[in-house]
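Participant: Listed below are the residues making up each chain.
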Amino acid sequence: SQQGEEDPQALSIQEGENATMNCSYKTSINNLQWYRQNSGRGLVHLILIRSNEREKHSGRLRVTLDTSKKSSSLLITASRAADTASYFCATGETSGSRLTFGEGTQLTVNP
Amino acid sequence: DTEVTQTPKHLVMGMTNKKSLKCEQHMGHRAMYWYKQKAKKPPELMFVYSYEKLSINESVPSRFSPECPNSSLLNLHLHALQPEDSALYLCASSHRLAGDYEQYFGPGTRLTVT
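Residue numbers (my numbering), protein chains in the order written: chain W, 1 to 111; chain A, 1 to 114.
Treat each hint with caution, since some may be false.
Only pairs whose alpha carbons sit at most 25 Å apart, straight line, appear in this in silico BS3-like list of lysine-lysine [stated by the list, open to error]:
hint, chain 1, residue 1, chain 2, residue 2
1, A, Lys38, A, Lys9
2, A, Lys18, A, Lys36
3, A, Lys19, A, Lys53
4, A, Lys18, W, Lys70
5, W, Lys26, A, Lys40
6, A, Lys41, W, Lys26
7, A, Lys40, A, Lys9
8, A, Lys36, A, Lys9
9, A, Lys53, A, Lys40
10, W, Lys26, A, Lys53
11, W, Lys26, A, Lys9
Hints in this document: simulated from the structure, not taken from any laboratory.
Being a predicted model, the structure only gives us computed values, none of them experimental.
Could you build all of it, start to finish, from the sequences and the hints given here?
Facilitator: Dropping the structure here:
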């Protein structure tokens, strides 16, 4: 079963604006990962944040993790049309050996 | 080489056919995965291999049969599928079997069952 819930389900913004997506989960985790998927293609790993980290940056991406609230956010700054994709959070659980994916956010960046 | 390749890209098969999906990676990863993904949904885990041994089977119907001939290859044999099995089938690999590692995904095989 999928334990992650993402919010919003869909987001439409103009190029140059920032996009924020949120992810909530239910169990204890080792880490939380974010993936991007362009339409009908494979997923691409974006960033991994461990349970003892609070914030991580990678280029235009900023991820935060609040384990007390069991939530994470992904911020994409200065968005581009090429950022249009589905974004999934995935949790690596302390008790398991798999990733559990959230429902995803469909981001559309309009030129 | 940080690529996972999958063949074929597209597959159309009848309900009585037998076909196979193939996946290959040369990153030295010892964990490999099969996922099924329906439109606008997240990937659903089907099978996991660790060191060429089946580690996780998520109660997948027996009409799907995985095989891991060696550390670089992963196959998914298909037989007597149903139309509801039409989906994007994704292969992935990771350094080891653990939620600690990022997974590298192939581009997927778009399967249509008629």
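Participant: Now tell me if each hint is right for this structure.
Facilitator: Hint-by-hint comparison with the structure:
1. Lys38/A <-> Lys9/A: Since the Cα atoms of lysine 38/A and lysine 9/A sit roughly 16 Å apart, the hinted pair holds (cutoff 25 Å).
2. Lys18/A <-> Lys36/A: holds, 18 Å
3. Lys19/A <-> Lys53/A: holds, 22 Å
4. Lys18/A <-> Lys70/W: Distance of about 44 Å is beyond 25 Å: violated.
5. Lys26/W <-> Lys40/A: holds, 22 Å
6. Lys41/A <-> Lys26/W: The hint holds at about 19 Å.
7. Lys40/A <-> Lys9/A: Distance ~19 Å between lysine 40/A and lysine 9/A Cα, so the pair holds.
8. Lys36/A <-> Lys9/A: holds, 14 Å
9. Lys53/A <-> Lys40/A: violated, 31 Å
10. Lys26/W <-> Lys53/A: Status violated; Cα separation ~30 Å.
11. Lys26/W <-> Lys9/A: violated, 35 Å
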